[in-house]
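Protein chains in written order, with numbering that gives the first Met the number 0: chain E, 0 to 331; chain Z, 0 to 331; chain B, 0 to 331; chain H, 0 to 331.
It is possible that some hints are incorrect.
BS3-like, lysine-lysine: derived pairs with alpha carbons at most 30 angstroms apart [claimed, not checked]:
#, chain 1, residue 1, chain 2, residue 2
1, E, K313, E, K238
2, H, K86, B, K313
3, B, K111, B, K141
4, B, K297, Z, K297
5, B, K111, B, K297
6, B, K238, Z, K40
7, H, K40, Z, K40
8, E, K18, E, K5
9, H, K238, E, K40
10, B, K40, H, K238
11, E, K5, E, K40
12, H, K317, B, K86
13, H, K313, B, K86
14, B, K40, E, K40
15, H, K238, B, K238
16, Z, K86, Z, K40
17, E, K86, Z, K297
18, H, K18, E, K297
19, B, K317, H, K144
20, Z, K238, H, K297
21, H, K18, E, K141
Reference excerpt, derived from the structure (chain B facing chain Z, CB under 8 angstroms, subset only) [to be verified]:
#, residue
22, E26
23, Y46
24, Q61
25, P125
26, P129
27, Y170
28, Q184
29, G202
30, F203
31, E209
32, Q212
33, S219
34, N222
35, R233
36, Y271
Think of the hints as simulated: they come from the structure by calculation, not from any bench. Treat the numbers as computed from the prediction; the structure is a model and nothing was measured. Ideal Cβ placement from N, Cα and C applies to all residues, glycine included.
Number of protein chains: 4
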Amino acid sequence: MIIELKKGIGAERANQIAKENNAFLIEKTDKFVLISSSGQKTLDPKYNDETLATFVFDNDMQLSSRQYLNETRAVKIGNVTIGGNSKNTLLIAGPCSVESEAQIQESSALLKSLNLTTLRGGCYKPRTSPYSFQGLGLEGLKLLKKMNEEHGLTVITEVRDATHVQEVIEYSDVIQVGAKAMYDQGILRACAKTQKPVLIKRGFGTTLQEFVQCAEFVLSGGNENVVLCERGIRTFETKTRFTLDLCGVSYLKEHTNLPVVLDPSHAMGHAYGVPDLTRACIAMGIDGLLIEVHPTPKLAKSDASQQLNHEEFKALVKTLQPVAAAVGMNIV
Amino acid sequence: MIIELKKGIGAERANQIAKENNAFLIEKTDKFVLISSSGQKTLDPKYNDETLATFVFDNDMQLSSRQYLNETRAVKIGNVTIGGNSKNTLLIAGPCSVESEAQIQESSALLKSLNLTTLRGGCYKPRTSPYSFQGLGLEGLKLLKKMNEEHGLTVITEVRDATHVQEVIEYSDVIQVGAKAMYDQGILRACAKTQKPVLIKRGFGTTLQEFVQCAEFVLSGGNENVVLCERGIRTFETKTRFTLDLCGVSYLKEHTNLPVVLDPSHAMGHAYGVPDLTRACIAMGIDGLLIEVHPTPKLAKSDASQQLNHEEFKALVKTLQPVAAAVGMNIV
Amino acid sequence: MIIELKKGIGAERANQIAKENNAFLIEKTDKFVLISSSGQKTLDPKYNDETLATFVFDNDMQLSSRQYLNETRAVKIGNVTIGGNSKNTLLIAGPCSVESEAQIQESSALLKSLNLTTLRGGCYKPRTSPYSFQGLGLEGLKLLKKMNEEHGLTVITEVRDATHVQEVIEYSDVIQVGAKAMYDQGILRACAKTQKPVLIKRGFGTTLQEFVQCAEFVLSGGNENVVLCERGIRTFETKTRFTLDLCGVSYLKEHTNLPVVLDPSHAMGHAYGVPDLTRACIAMGIDGLLIEVHPTPKLAKSDASQQLNHEEFKALVKTLQPVAAAVGMNIV
Amino acid sequence: MIIELKKGIGAERANQIAKENNAFLIEKTDKFVLISSSGQKTLDPKYNDETLATFVFDNDMQLSSRQYLNETRAVKIGNVTIGGNSKNTLLIAGPCSVESEAQIQESSALLKSLNLTTLRGGCYKPRTSPYSFQGLGLEGLKLLKKMNEEHGLTVITEVRDATHVQEVIEYSDVIQVGAKAMYDQGILRACAKTQKPVLIKRGFGTTLQEFVQCAEFVLSGGNENVVLCERGIRTFETKTRFTLDLCGVSYLKEHTNLPVVLDPSHAMGHAYGVPDLTRACIAMGIDGLLIEVHPTPKLAKSDASQQLNHEEFKALVKTLQPVAAAVGMNIV
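Between the sequences and the hints, there should be enough to build the whole structure, so can you do that?
If you want it as structure tokens, here you go:
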């Protein structure tokens, strides 16, 4: 149950009502919102005069639910809006890891030549092994910042763990919470305290319900600029790296009010499947894409097999607008 | 290793070579083909004069492999060709179960009004419970045959188990081997003895390797008209009925020479997701689709929640050709 | 809802009541039982005089449910009873495939030397590839029959598909419905028409609910001698062949009235893990075990890596009785 | 490849050799160890005079591998040793969450009455929803510390995220890295800097290879007191909360040198299955168990359904020693 209180109800009274109803209190700019997860289905009539609206529902979602807000929230990524009435599908691209200034300059030039606006690149890599390349860290963040300043590109990079969450919030335009970090309440609560957009990747073993609850940590903490990213779940099939869950995307589009971005590169794990999957994602009418592209994939320090090279990427981009147009969307 | 023997090598000698190499012998119209799964990598030079071609490969496929035949096989479904150079995406539609003549006449009329050619409908239902509706059986097959004769529709229906495989082969234009029956060698070997097209559905717990091996039972048994159908795999996610594995479809397109059909209705399990998923499948450039549509889904005797009604289906069909065109395909 | 009718109600009237309630009718020796899967929760009071007992429940089980029969059914395997009050854990052992008389004689001698009574061996192998060894077929069945006649061993072998179900029913003492065949209603219905014990293996992608429903096909068809066998499910983990689902076994023990047998050999896929897992299974207090043992595993024509050799098996057997005793059971 | 350098090689030279071989350098008390994940299989002969031992292997493990150290490492938990030659199975018990001093005193009294030494209790709960009880935090840690001081109990509690890792290291005797936090390199690296034992829970979507790599972060960082904990993986089966992976435990026992603890409570998710599963785990010959027990489970603020009450727990404990004895182990 979500209860919105009337304007003018003060913080003290709001707290009191929350306590009396065992509810979680959220202070918005102009009102107080209470969320009760107790299964309670009605509010005592004595609160009627103080209540603006009550949303009663059974599902596993609250602020992210279509029953609470029946539209896709608009989120601004740099100068581009996704969700809302935008009809935009934002194509985010770049290498798996930021490896050097030369490399990331090449990536930036590629994006500029294609009129793309948003550059991705990992600085803190959540590698399985402690003995592998772990990313450039702060040096990488500074290179991304430089790309933003020199080329006007919006940059997005991943928080791997809490040790560097403040740095990423400071340097990056969009904060990506990685698939292995998305249960981390410390990171989620830190992201709730900024107004920068937060892209949360679904863990590969994470149910849709748990995934959406991670967004609730950010939404309820004060940042409404949340984007969900499906990037493949782990199944019994091992011929591909993960299994891109487009049925799950249908569920998210139907039941949540959050924009949805897809990452076919990580799901597939092999460059050969990325073009077909990218087009399939666009035909779903989704809000954005994350595609890995590297000047020389074979030399990449991480995820070499799934990154497109620049020629492959250019060829792919040419084919996307017609698919988007066929479903009433626009590639930006 | 696949070894093609020269024309003119007689059956006796072919058998002898097969035996000497512990290989499986296939007699084609004009030649003998030997398949060795022993891991053997070369043929003794003494056979050189009798050998037309040798295909050595490491993967889990043989006749269905791109290394053996580097193109998509053409398969004729009624008057329509899929695969090959056809650029066709065949839209197969109809109710989950054939329930009555009135119902299947309505379905047929719907297809005709949309210029669609191929009608699906289950007669032997692989229901989980013995206490549920099990399908009309032979009566249903006869109704499908009638639709073929009255309306010229190509009909496809499922073999649930071996008790009725001969009936389905006799009455149906395309034989569908169901997801729960696809490991059944008795059924697969029976399908190998007809020349009618066989559409094999992937089991929901079946790896891509096992899936393709089922096709090998039919291909090696003498029927080359085999079509693969992905219809969702079982994962930890339960908000949707199954998880449509489009990464797996990318794998099949890259590594096999068989046409691929998709069934988003069963994967999703909820009508609301079917339109988006159908468009995503088409954007993959696949060879066909199976969509469930019922005059009054709420009254359906099986799979009520996932079937579109006729209005929803018509609205969907209107949106498909632009997506197909965007990827160079044609809806038929 | 299960409704038992009073003795003396004739077949005609029973049929009428079934029809009026849209229920499935089962004729037992001394009474009629009706099963309604319609969600109906009460019977019209007009039937009160004809009703012996009514079992109303919400779960996915009927005749196999603890709510219908709150005890483990006793099933006789040769001269040994499992389930009921027997406190027996039956150790079934033998090679993956019957390969030759010499081999199966060796296996029989091993069992006799250890006072074991029940020999397993596959004759129709559900191999993934059509190009692999497919089993000795009828010749293998005859060899098993010979072991029964010469050594008094109870023999169990697998039905792979419907082409040989009658042969297996004729030659084998216990009919095993394989993990890939367990959805096959033709096989299940054939098994319902014998009174020989039927051991149903859980498919590796099969939910517990579907698994138990397969047993319902046999139970409702007239054969109450049904045993469930858990043999590992398919998960994302590939270091082991499957994942033995002992949590699922706890569920089956709590909610069903059927004996449960475990097959750690197939679950693990590697001989090294079989001893520990066998002891774990026994400590669960289960009704039986299927263990693969081969005179020379390296030369086995199927599943070479998971079979114990005779020395390993003897060493294992020595350790089992103390574990069984610790949980109040007896290895037989 | 792991390379141990001879004693007396200085830090500078060790660093140089590491750099020349692109290897990760670990400084132990008495020697330097280099780990190369490059796939390199031999060391240049020029280093022969400086090399003590070289371990070349293909698997996914390094310091945790049986090929590097072919025994189970001994780890001291309070006054009790597990692993090594101890033959101990440590029974760790307590409530899911520390809720109040009264509750945790009751839990402590229970343990003392059963001569158990190690108390578990969560202070920072990794709840799915931000609107649920999140744990007592530091107040809970202080209560655990009090139990340690008053009753001499060894206490273990979970790190949920990096915001409180230092507090847990300070207050708890054993640091538990939770299933949702186990990929967190910040936490793992912090745990590497203490010498307190670290129990790492396997993520429910985590492969065995990834799981062991998490241990490598701690081992390579300087703390060798690492214990692995299997607590159920997420599969398609939903009748139980998770699926306890005992096949995986067999793999870990065979291939790693780390002690293994099991948590059947979380795997099962229902109290009814915990006794059977606990006995099964013990029969595997494992090093420890985590069992959830609560004075009044129905009132528990988290995981109410899976916690045993005190009477059930006492009844369970009575049955464990015979099972342990049957496999040569001792419950402590």
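Each hint tested on the structure:
no.	hint	verdict
1	K313(E) with K238(E)	holds, 26 angstroms
2	K86(H) with K313(B)	holds, 24 angstroms
3	K111(B) with K141(B)	holds, 19 angstroms
4	K297(B) with K297(Z)	violated, 57 angstroms
5	K111(B) with K297(B)	holds, 23 angstroms
6	K238(B) with K40(Z)	holds, 27 angstroms
7	K40(H) with K40(Z)	holds, 27 angstroms
8	K18(E) with K5(E)	holds, 17 angstroms
9	K238(H) with K40(E)	holds, 27 angstroms
10	K40(B) with K238(H)	holds, 23 angstroms
11	K5(E) with K40(E)	holds, 19 angstroms
12	K317(H) with K86(B)	holds, 20 angstroms
13	K313(H) with K86(B)	holds, 24 angstroms
14	K40(B) with K40(E)	holds, 27 angstroms
15	K238(H) with K238(B)	holds, 25 angstroms
16	K86(Z) with K40(Z)	violated, 36 angstroms
17	K86(E) with K297(Z)	violated, 33 angstroms
18	K18(H) with K297(E)	holds, 22 angstroms
19	K317(B) with K144(H)	violated, 46 angstroms
20	K238(Z) with K297(H)	holds, 28 angstroms
21	K18(H) with K141(E)	holds, 26 angstroms
22	E26	violated, 15 angstroms
23	Y46	violated, 19 angstroms
24	Q61	holds, 7 angstroms
25	P125	holds, 6 angstroms
26	P129	holds, 5 angstroms
27	Y170	violated, 18 angstroms
28	Q184	holds, 5 angstroms
29	G202	holds, 7 angstroms
30	F203	holds, 6 angstroms
31	E209	holds, 5 angstroms
32	Q212	holds, 5 angstroms
33	S219	holds, 5 angstroms
34	N222	violated, 13 angstroms
35	R233	holds, 5 angstroms
36	Y271	violated, 24 angstroms
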